[in-house]
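*Asks:* Sequence:
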Amino acid sequence: MKLRFIVAFLMSFPLCAQQVTTCLDYTPFTLNEENEKQWNGPNVETLYYITEAMNMTLDASIRAPFARCIELLKQGKIDVMPGLIYTKEREKFLHLVEYGSKDQLAVFFLKDSKTKIELDNLLSSQVIGMHRAFALPDHIKQSELVNHLTPITTVDTGLAMVLKGRIDGVLATIPTGEAIINEWPEMQNKFTYTPLALANDKRIYLAISRQSFLAGHIKTIQKTIKKLAKKPELAHLQINTSY
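Residue numbers for the sequence shown follow the numbering used here, beginning at 1 and rising by one.
Think of the hints as simulated: they come from the structure by calculation, not from any bench. One should not assume that every hint holds.
[What the hints assert, rightly or not] Straight-line distance between alpha carbons at most 30 Å, and here's what the computed DSS-like set of lysine-lysine pairs gives:
hint : residue 1 : residue 2
1    : Lys-74    : Lys-141
2    : Lys-37    : Lys-88
3    : Lys-37    : Lys-102
4    : Lys-226   : Lys-74
5    : Lys-74    : Lys-227
6    : Lys-74    : Lys-102
7    : Lys-114   : Lys-141
8    : Lys-102   : Lys-227
9    : Lys-77    : Lys-114
10   : Lys-88    : Lys-219
11   : Lys-114   : Lys-92
12   : Lys-77    : Lys-190
13   : Lys-88    : Lys-74
14   : Lys-37    : Lys-227
15   : Lys-190   : Lys-74
16   : Lys-190   : Lys-88
17   : Lys-190   : Lys-37
18   : Lys-111   : Lys-74
[Said to hold, decoys possible] Computed spacing ranges between beta-carbons, pair by pair:
hint : residue 1 : residue 2 : range
19   : Pro-232   : Lys-92    : 25 to 31 Å
20   : Lys-37    : Ser-124   : 40 to 46 Å
21   : Thr-241   : Lys-114   : 41 to 47 Å
In this text, all values refer to a predicted model and were calculated from it rather than measured experimentally. All C-beta atoms in this analysis are idealised placements derived from N, C-alpha and C, irrespective of residue type, glycine included.
Sequences are here, hints too, so could you generate the full structure?
*Replies:* Here's what the structure looks like:
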């Protein structure tokens, strides 16, 4: 009888103090003078609020190139990654939970570049770096830009290559590009960007490893996202769902 009571008591706190691990290729936040977190982009900030609302803690200390993060997720060595777009390949080994609208893509290039990046009139010699694990939206695959793309290991590596004149620009989401530029003093105030047209499919997803304990709490995560979407103080995150 006593054993049943203990088991029932423990089961009443299934998510208490659970730690959720993610992997990012940029620093998730900085601390201001008041020692408050200043999040580098809405995706990791949204993930933080989701875990907080579910009485879990977020470990965002793992830093690796995007492709390596995806492998860790596939292997079940981390639990979740925010900010992914849908692909059929990803759905084979991940649970994809919609939570918002994806960030706009842009091509970042040097302000003082002799040849500006004009997406409708790219020079044949212009080369744009793109993260090798980045899933290109269909409208970019069908554009002239795709003929100028070359693989890079990370966005920050690509931006460093632009500084050295090895490539002309880097394709990245605006928040990611800005976060990396602001993180590196040698890059600050040296870059500008040209935004790309928005895709028809603007949804972004939490990618959850099928081997993670979170895989058993998909409905709870969806309910949490719906609750957060109604909070006016989180309106800047543009959390929304269609389910």
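*Asks:* None of the hints should be skipped; say for each whether it holds.
*Replies:* How the hints compare with the structure:
1. Under the criterion of a C-alpha separation no larger than 30 Å, the hint pairing Lys-74 with Lys-141 is consistent with the structure, at around 25 Å.
2. The suggested pairing of Lys-37 with Lys-88 is violated, with an alpha-carbon distance near 35 Å, which exceeds 30 Å.
3. As the CA atoms of Lys-37 and Lys-102 are separated by approximately 22 Å, the hinted pair is consistent with the 30 Å bound.
4. Simply put, Lys-226 and Lys-74 have alpha-carbon atoms about 26 Å apart, close enough for the 30 Å limit, and the pair holds.
5. Between Lys-74 and Lys-227 the CA atoms are separated by roughly 28 Å; this keeps the pair inside 30 Å, and the hint holds.
6. Of the supplied pair hints, the one linking Lys-74 and Lys-102 holds, its CA atoms being roughly 22 Å apart against a limit of 30 Å.
7. Taking the CA atoms of Lys-114 and Lys-141, the gap is near 27 Å; set against the 30 Å cutoff, the hint holds.
8. At most 30 Å may separate the alpha-carbon atoms for a hinted pair to count; Lys-102 and Lys-227 meet this at roughly 19 Å.
9. Restraint check: the Cα-Cα separation between Lys-77 and Lys-114 comes to about 45 Å, which exceeds 30 Å; the hinted pair is violated.
10. Between Lys-88 and Lys-219 the alpha-carbon distance is near 21 Å, which keeps this suggested pair within the 30 Å criterion.
11. Pair hint Lys-114 plus Lys-92 does not hold up; C-alpha atoms about 45 Å apart against a cutoff of 30 Å.
12. A distance of roughly 37 Å separates the Cα atoms of Lys-77 and Lys-190; the hinted pair therefore is violated under the 30 Å criterion.
13. Distance check on the hinted pair: Lys-88 and Lys-74 sit about 14 Å apart at the alpha-carbon level, within 30 Å; holds.
14. Restraint check: the Cα-Cα separation between Lys-37 and Lys-227 comes to about 22 Å, which is no more than 30 Å; the hinted pair holds.
15. Distance hint between Lys-190 and Lys-74 is unfulfilled; the C-alpha atoms sit about 37 Å from each other, more than 30 Å.
16. A hinted pair counts as satisfied when its Cα atoms are at most 30 Å apart, and Lys-190 with Lys-88 does not qualify at roughly 38 Å.
17. Distance restraint check for Lys-190 and Lys-37: the Cα-Cα separation of roughly 25 Å lies within the 30 Å cut-off, and the hinted pair is therefore satisfied.
18. Our distance criterion of 30 Å between C-alpha atoms is broken by Lys-111 and Lys-74, whose separation comes to about 39 Å.
19. The given range of 25 to 31 Å is broken by Pro-232 and Lys-92, whose C-beta atoms sit roughly 38 Å from each other.
20. Checked against the hint of 40 to 46 Å, the C-beta distance between Lys-37 and Ser-124 comes to roughly 45 Å, which is consistent with it.
21. At roughly 46 Å, the beta-carbon separation of Thr-241 and Lys-114 lies within the given 41 to 47 Å, and the hint holds.
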